[in-house]
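Novice: Fit chain to chain and form the complex, with the hints in mind.
These protein sequences, in sequence, are chains V and C. Converting from the first sequence to the working numbering requires adding 51 to each position, the first position being numbered 1. Converting from the second sequence to the working numbering requires adding 3 to each position, the first position being numbered 1.
Treat the hints as calculated values from the structure; they're not laboratory data. As the structure is a computational prediction, the values presented were derived from the model and not from experiment. For each residue, glycine too, the CB sits at the ideal point set by N, CA and C. Careful: at least some of the hints might be erroneous.
What the hints assert, rightly or not - If the Cβ cut is set under 10 Å, some of the chain C residues that face chain V in the computed set are:
# : residue
1 : L72
2 : G145
3 : M171
Residue strings, one per chain:
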Amino acid sequence: MNEASETSIQIPIQAVSPARHSARRQVLFFSCVVFLTSVATWLMADILWRGGLTGLETAMLILFAPLFGMVALGFIQAVVGFVMLLRKRDTYEITATLPSGEPVVEQLPPTALLIPIYNEDVSRVYEGLRSMYLALANAGLAGCFDFFILSDSTDPNKWIEEEIGWIDLCKQLKGFGRIFYRKRHIPLNRKSGNISDFCRRWGKRYRYMVVLDADSLMEAKTLARMVQLMEANPQTGILQTAPQPIQAQTPLARMLQFAGYCYGPVFQAGLNYWQSNNGNFWGHNAIIRTAPFIEHCALPALPGSKRSRFMSHDYVEAALMRKANYEVWLAYTLGGSFENVPPTMIDCAKRDRRWCRGNFQHSWLLMARGLLPVNRLHLSLGILSYLCSPLWLIFMILGMMQFRREMLAPTTAFDADIGLSSYLDIGGGRLALYLFLATLVLLTLPKLLATLLVLADRKKRRDFGGALRTVFSFVTEHLFSALMAPILMLFTSLSVAFVLLGREITWGAQRRDAEGIDWPGILRAHTWHTALGLLSAEIAYRIHPAFFWWLLPVTLGLVFSIPLSAVLGHEPFGRLLNRIGLFRTPPETEPPLLVSHMEKNLEICRSQLPPPGWLQKHYGAAQVVIDPYINAAHVSLLHAKRKLSYPLTAYFQKLSERLMTQGPAALNRRELLALLRNADSMAAIHDRLWKMPDRQLPEWWKLAMRHYNLLTGRPRTPLYR
Amino acid sequence: MDLSLESITLPPWDPARAEEWNDAYEKVENYLRACRVSSHLQRARLIALILQRVYDRTQGDASVAGRPLPELAIMEVRDRITEWIGHHLPPRADGHPFSLGEGMLAIYLCDGPTRWPYAFLDSHRMPAEYAEALSSRVVRSGPDLAVSSMVPRDMDLGLMPELVGSAMESFEALPILKTLLAWLVFFGLLGFLFWYTR
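Here chain C stands alone, though its shape is the one from the complex (with noise of 0.2 Å):
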């Protein structure tokens, strides 16, 4: 479904929600900037478009009463931007529709809302270029696989490395002998210093 930006009205004012429409607003305000909608004229209209939908929605759907409006909000633009970029890349092979953290890197792989600041949201102002752009992205981490085998073979390391790395294994079991062993060094240094010094 595409958005209308025109004849677009704010909810009515209500006293007893009036703060809590102001937190919705600055949520989808923060929302929208952090999608790099720098135009403060495009954000006030789909900030308004918005919250006008959340107060239609509020009005009509039971399933929604006594949630916090800026929630709602919240919602309502990351359902509209599903929707939006529903209609502008191709569909999936598997035929399933798009998920918003596709179509949000869609966006941001093309730097939509910096190159084309008045189309975001807004189906009425695409230009084809930008069409064109969303629909092409994708990422590929890395090309298709090539599996090779790559195992270390058997090295033949000679006898003595055979057998020091056995008593290793067999010394780094019994850390009584690491302790012996470093003491018997300190012990040997000052036998030598003893000597040393006649």
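This is chain V alone, in the form it adopts within the complex (with noise of 0.2 Å):
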């Protein structure tokens, strides 16, 4: 791969300058939303001011403001997106400098492809890199692109298993000088650390790299676009795109990705509307112009005694991008950008946990000097999205404590004309209700336009399985989104008072994909939330028969969280709505060819026998001690080490010994990582083995070696053979 400097391309540049427009749009856009909350919230003052307003009511106002602030800009959000969608055309959308003509491989510059991986579905990961590589070589656009899959993974079995599918995967698609591993030994800050770290190492030597995630997929055509918009716009330092779900098997990932494609592109116009060129990075399936990344977004330390790092970088980096003037634009019409989505409620919780304590740490950016107005903007809404969910159990529990009150001292009039109710002649209560109903339609009213703009056009219709089938879907997605609504309410707000008690949230692999019901977890995870969920309707149902009628959209999905997260990640029952075509999404009635190719070789990965149970929890250990090759690969995969202090090679022998005599599950995680990471010690111990006579050999290696010896013939791997 040449230089990125050495590098020219002569692709004639359409200007774009939306600074002064966006400007407009952003006041135009927050005055409709102001507008509303402002509307509405002196509504509730004048439900909740009957003769003066007591503690707890002035409570519930400050509460309503923001939350009710946070509706209707999702609301306008749609509306806008919904009119610029029906226009066809955003005068302020990146893709319109798209030159015309088809990629051409010397037009491109050097792209590095990375692929930061932690503890995750080798299987999955490689065969989506197989099927990008080969959707580029069919394009004949391979010469252009570099994969580089970098690994914090500290599971030893994860890491050997990853070194094995790396070799394969080059031998099956000989791509050794084009697909590249790197392991980091320290995890250092995570995924931005992986990636400053790529950067550090070869940056220099890529003009532009694409960020994908382990479960990202991207097609030939979207990443040389790309490639071309960030060539044709050469302010531009982030290129993200809006990727939509696949693979969703269970019924939760099925109703998201229905709501992905549906909903999704609604709300993606109305923020390219407002934000246009002061976009935001999403963390994946993007592309950065490397340059400026190196030199303005290495992420500083936080404050406080742990000097820990920010855990949702992406945003932190959109800032410091715009704050050195390079523009970040969502290209959300490019299409071919794919992603998973978490196949139960107990996965979505876990990634909104991490995401929330990231969010969280946003906080200390809000007053950097420097930063736009706007990214301040995209950072505080972040943290409003997670602070949201307390807010509403606290404005909810306050609700039941005035309404208590109410019951208990019907002083003051409230269903008296008081106000502005006293002028369109009705009474608080009724003024309540059409709020209520108000707020109610602003929730709903965004999925509605979205699904009639599908409804409207044939093709879509077809898309997602006739209008019949798009109409049922919305109505039962939006059914079972308000019964999930409470129970996500509870996660987020247990996630933030972790937060904000300074727990630690640990960086758990994510669930890509759907194993069944796991009782244990559910009940585990739901119980509280049965158990508030009666409380609550007991409460309701003791200060007034009515209000627990009031409550029941709330205290019903809490009461039943336990069978509807069962049901929600049952995959079976997501077949079967497969079948009936509810959720019927556009990939599933036209495949993409990438996802469809990767998801065959997925199944003959899958169909290979696994090892044995007690094997397979130390598998990575036992081949690169027994498997000649894989122990040759592995140790030529570690960096040559300087001679060792007598203490770390008293230590390594010691390590050794217990591994020898007593099997891997005498060491633990760290000792064994540390082992394997130690090149003299994993060629001594793969020597020593063998050349022990079997009558010698400890119980386990003996059992571990029979077996191995068993299948050698063709040993498990991540991939196919």
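Specialist: Encoded structure:
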């Protein structure tokens, strides 16, 4: 690959200077949001102010304003997006600058595709990579892109699987020199540290880098177009695509997938309307101009004695890029960009827990010097999106208290004609009902508008399984979303409480695929939801039977959270829904070649016979010790170490002895990783094990060798052979 | 040195060491299987050859006396692989011979035993294609480095975050303060409930 600086591209640049217009759009957009919010807050004040405001009512009013503001923001965004999509053209859309004609390999500068991984499903990662590599090769574009698998895995099995899989993949694709593998032994600063590590080592070689997630997939045409767009817009620092969900198996994942395809475009178009060149980075499926990223986007440590780093680095990097005067765009119409969605509610909660902490860390930057106001807004909205859950919870508790107070001492004339209601000739109760209904409309209308857009287009209608199925999917999705909302609210509230109390949230690997129902996990996660739901229903009923019915939409989801979570995470049920066409999406009607190719290969991978449980737990270590080829490959991939000090040598000897005599179970994960990182020890253990007469072999190794020898004609690997 | 697979004879029958020879046989067979030599015929020929060499060594080399036969057999098979690979890999730039590990990796990368099952350790049956595949195999886990400096710039977080940051540092240094605060919140909650229920 040539140096980035040596590549000279001549693509006519179509000037986009949206700064003035984007400011006008932002003023218009947020004026609408503020208008709606202030009117609703005024109505709320009118409802609460019946002869003065008590402390409780004041608190409710203060909470109501930001909560309604977020609802209004979503609504206005969707309405604007709907209008933009109806017009079929947004003047300030980055893809409008796309040069015409097919991309030509000679015209594309060197680009790195980065796949940071952390204890992921290796087969899924590598089969995705294979599909993208082959797609690029078929398009004649393979020469422009280098793939980098950047591993931070801390599971010894995953590490070895990754190494073997990488070698196998390169052998199968003849990809040595195009597909690279880097394993960091100390995963410093998580994903952002991993990307920075790449930048420091190889960043200078590539003009652009496409950051992917472990479950990302991008079509060759999309990748080429992203590079073309960056070339055509030299001021663009980050170009974010809108990833579309794929491979949904469980009912929940299918619902999210349906929502992504049906409602997503409307919200994305609205988002692009107000943010235009002040967009955001979502952490993956985006292309980044490497040089300014290296220069401006290294993340500082956070204040505090722990000196921790940003967990959600993407928003901060976008803000730093904007601070350096580079634009950040959302290419929402580009297509060909895919990702997986969490299969269960618990997986959703886990992901949200991580994001919640990351977003709260952004509060440090709200007043940082030099950031653009719009980036401060992005950071604030990120924080508020998580803070809304506990605020809703508090608002509801205050509402219950207020209702109880009204019941106990009905001295204030709630239904009397005071304030606005006196002019409209309706009581406060009726006014409250109207405000409630208006809020419901604001929540429902965006989805309805998006569904109408689908229904109005013949091709889209067909892609979603027909008009009847689309409407049925919309109604069902809406119903289940309403049932799930209070559960997710409690999950997020708990996460916020953890963050505020400074409790550490571990960076656990995501469960990227459905594995059936995990009853113990579901019971652990939802028992307290059920208890809280029952308690709330009981209290509501005691306050007033009518209040029980008012609160039912909230308590119903909570009370039935356990069966709901089980049903929504049940893969066979998801397949049944697929068969009857519920939540049907375009990639299911017409599967993209890239996705179907990967799914076919993954099916073959997963049909391999897994090793027995006792061996599976330490399969990686067993492979490195027993298999002469894997041992050689592993040792060769480790860096040559300088001569170790005596205590270290003694330490590794002690670990080696324990591994040899007692098997891998005698070592904890950290010890096993340390030993696997020491090339001399691994070569010596392999040699010693094979030289030992069978009779003297420790029991675990004797069994492992026998088992391995039975399978060595076709040992299990992450890829099919 | 090339291995000749012609005129191989097994070591002569020795009832005193028969079990040990059997162990050595099994060990070599397992090792060859782990090397993906799937052909039974090729494995049998190689095992016989290795055992014969071990036998010759036990007869002529006093330094190996008393060492277990399985160990000698594995040493022998690994020595043969190193020697065989040395014939087919191009010389290293530093003039040192290739290690066994490098040789094994080269074999693994070109899938030698799977693609040419009868050529493993047998230079007489070595197809030119195999030799070429072996010599051209290299692993590069990353391209040549092009080092950049990527260091965080100083960021002025503003007065409030700086103050909160330093307060947090002091707060974290005094865990007793955390506990006190937690109790204060608890007492506050009790007080609120008392007030609310009056």
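Novice: Quick check on C:M171 please, does its C-beta sit within 10 Å of some C-beta on chain V?
Specialist: holds (5 Å)
Novice: Hint check: is the beta carbon of C:L72 less than 10 Å from a beta carbon of chain V?
Specialist: It holds, given that the least Cβ distance between C:L72 and chain V is near 8 Å, below 10 Å.
Novice: Taking 10 Å as the limit, does the beta-carbon of C:G145 come near enough to a beta-carbon in chain V?
Specialist: holds (5 Å)
Hint compliance for this structure: every hint is met.
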